[in-house]
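Given chain A's structure and the hints, the job is docking chain B onto it.
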Amino acid sequence: MLSLEKRPQPSRTWTLASPIVAVLLTMIAGAGLFAALGQDPIEALTKIFYEPLFGEFSFFYLPQLLIKGAPLVAIALGLSIGFRAGIWNIGAEGQYIIGALCGAGVALALYPSEARWLVFPAMLLAGALGGFAWAMIPGLLRVRFGTNEILVSLMLVYVAEQLLASMALGLMRNPDGQGFPGSRNMARMDAATSWIDQSNGMHWGVVIALIGVIFVYVLFAKHILGFQIKLAGQAPRAAAFSGVNPARLVLFCLGASGALAGLAGLTEVAGPSGIVSIDFNVGYGFTAIIVAFLGRLHPVGILLAGTLMALTYIGGDVAQSSLGLPGAAIQVFQGMLLFFLLAVDVLTNYRVRLRERGAA
Amino acid sequence: MDFGGVNPVLLLASLMVAATPIMLAAIGELVVERAGVLNLGVEGMMIVGSVLGFVAATGTDSAWVGFVVAALGGAGMAVLFGVLTQFFLSNQVATGLALTLFGLGLASLMGQGYLGIKAPSFPDWHIPVLGDIPVIGPIVFQHDPMVYVGLGIVAGVWWFLNRTRGGLILRAVGENHEAAHGLGYSVRRVRMLAIMFGGACAGLGGAYLSIVRVPTYAEGLTAGAGWIALAIVVFASWRPGRLLLGAYLFGGVTVLQLNLQAAGVAIPVEYLSMSPYIATILVLVIMSAGGAPGSLGKTFHASR
Chain A
1 MLSLEKRPQP
11 SRTWTLASPI
21 VAVLLTMIAG
31 AGLFAALGQD
41 PIEALTKIFY
51 EPLFGEFSFF
61 YLPQLLIKGA
71 PLVAIALGLS
81 IGFRAGIWNI
91 GAEGQYIIGA
101 LCGAGVALAL
111 YPSEARWLVF
121 PAMLLAGALG
131 GFAWAMIPGL
141 LRVRFGTNEI
151 LVSLMLVYVA
161 EQLLASMALG
171 LMRNPDGQGF
181 PGSRNMARMD
191 AATSWIDQSN
201 GMHWGVVIAL
211 IGVIFVYVLF
221 AKHILGFQIK
231 LAGQAPRAAA
241 FSGVNPARLV
251 LFCLGASGAL
261 AGLAGLTEVA
271 GPSGIVSIDF
281 NVGYGFTAII
291 VAFLGRLHPV
301 GILLAGTLMA
311 LTYIGGDVAQ
321 SSLGLPGAAI
331 QVFQGMLLFF
341 LLAVDVLTNY
351 RVRLRERGAA
Chain B
361 MDFGGVNPVL
371 LLASLMVAAT
381 PIMLAAIGEL
391 VVERAGVLNL
401 GVEGMMIVGS
411 VLGFVAATGT
421 DSAWVGFVVA
431 ALGGAGMAVL
441 FGVLTQFFLS
451 NQVATGLALT
461 LFGLGLASLM
471 GQGYLGIKAP
481 SFPDWHIPVL
491 GDIPVIGPIV
501 FQHDPMVYVG
511 LGIVAGVWWF
521 LNRTRGGLIL
531 RAVGENHEAA
541 HGLGYSVRRV
551 RMLAIMFGGA
561 CAGLGGAYLS
571 IVRVPTYAEG
581 LTAGAGWIAL
591 AIVVFASWRP
601 GRLLLGAYLF
611 GGVTVLQLNL
621 QAAGVAIPVE
631 YLSMSPYIAT
641 ILVLVIMSAG
651 GAPGSLGKTF
661 HASR
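Protein chains in written order, with the working numbering: chain A, 1 to 360; chain B, 361 to 664.
Next up, chain A with everything else stripped away, as it sits in the complex:
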């Protein structure tokens, strides 16, 4: 009979190996899923994981990797800070939307100003503050009233989606748009665009994601606050005795992740999306939860995981257009990945022992 024995310390080998094992297991299970949908599983997997990187049209898909990867990495980085401390912000999608709305609001209010030195920094500031403020709602409620931040942050996603709809159809609608919903295209405004090099997929969101990686790495490797976050997650009582201020920690973790999500939303809406429309958000805020776990809540891991997850989005599009694979199949695939990761992770914290029945 198999039994589990707790390891004194998490296994380093398995910490690194479990995401890889999980990806492989997901590919096997995914092959089964694609076969069940009447596809040739090998062909589907090739379309998803090989075609965008090395196929004939990779010059078209590789920039997409930056476009889709940047928001995932930026949001997941923010989430990872809180997840390490046991503070669960799962409303990043809402913070992403509000960041985009605040940044776009600045851009549209200042239109047709040509002063990029003024407009774009102001947008960045507004985007970060918007996401920050939206995340402060669950933060302050938790600190002040002990309200569950998981549920509040999630409820605020639905509120943010309604606000977005109201803005896209009302206040921010393009006055020259012949009545179509959606705002002016910010990607085409020289003062407001977040593109740096559109043909290569390079935009300010990518820069922010990379700066974020360094920022979070330094936070956890060098800064006392990073140590306190880890301590609060692993040993809350010890953290309390050593003088960690839990309220400050909650506000910092939620605020930082909100600001990052807000910046991701702003750079998306002023670049790849261009306009504030009802459905400009595509659920990066939720997929980023998978990215954070797959990346082991470590900044470098998140960078890799975000790239992989961006690849599944792009590959999913490829498979959808060439094989007719339903778009939702990729969503199932991403969900399975998290399941397998959580299952394999038991080996990180526990040893499997073979035990004879009745011997102990």
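Keep in mind that the hints were calculated from the coordinates and are not lab data. Computed from a predicted model, the values in this text were never measured in an experiment. Errors might be hidden in some of the hints.
[Claimed, not checked] Partial selection, computed: residues in chain A whose CB lies under 7 Å from chain B:
id: 1; residue: Leu141
id: 2; residue: Phe145
id: 3; residue: Ser166
id: 4; residue: Ile289
[Said to hold, decoys possible] Derived DSS-like pairs (lysine-lysine); straight-line CA-CA distance at most 25 Å:
id: 5; chain 1: B; residue 1: Lys478; chain 2: A; residue 2: Lys230
id: 6; chain 1: A; residue 1: Lys6; chain 2: A; residue 2: Lys222
id: 7; chain 1: A; residue 1: Lys6; chain 2: B; residue 2: Lys658
Built from N, CA and C at the ideal position, the CB exists for glycine as well.
Frame of chain A, contents of chain B only:
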């Protein structure tokens, strides 16, 4: 008896219908949490239940078959969560989120051929005598059978938790799993059963949305109902009686805002649509007093 285009009797009557899906999902989650497990996958189980139930109901032209299949589907999803958290000892918050993400994908995959189809009819009961009472009759006694099944489940859960030995064991496991294990109860078995019950209830709630409430299948049909159910469990302080109150309160807000939308009140539709979510947050703020089971959300590993 009209107030600004809103008829209070009809309003109260539809309140009971609006509250039912959330009540079903919440009562299941209440049992799960009383056993010490936090399953954040309610939304995922609900939406899978809504699709499976709808597919089965349209396939067999029987709403009842749909409800049974939805309950089984929800329980099946819950088993996935149970195996991961109880046997693979995974983090309950992360696993619950995974269940929701997976469920949303699975539902939109399975529901593709069913968008916009109408569900088979599920006629209301007109309970004789009681249904004829003026005002109260139309409000309370003229609904479809699932409204009463839901109420029955809530009453049954109250009885089970407070009046039976099994309920006592379940609560012991939830309050202190180490002690319950020490007394010789199988923490895992109790929790697995509770998790499956929770999944079945969430599946029923989802199917109620797609078969009765809407009654057609649409993408993202649950729209956060599963999360609201989780909030109502907190509101109820983990007690079935208060859960009933919470579900009706929430149903009231939903119905009122829908009626105001229909009546063409001068508030933009989007702001009315966000009101149930804001109401949920307010409720969480007011009711964030304690009362949570002692072992809620903690992983149990019986070391020798």
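**Asked** For which of the previously enumerated hints does the structure constitute a violation, in increasing order of number?
**Response** 5 and 6
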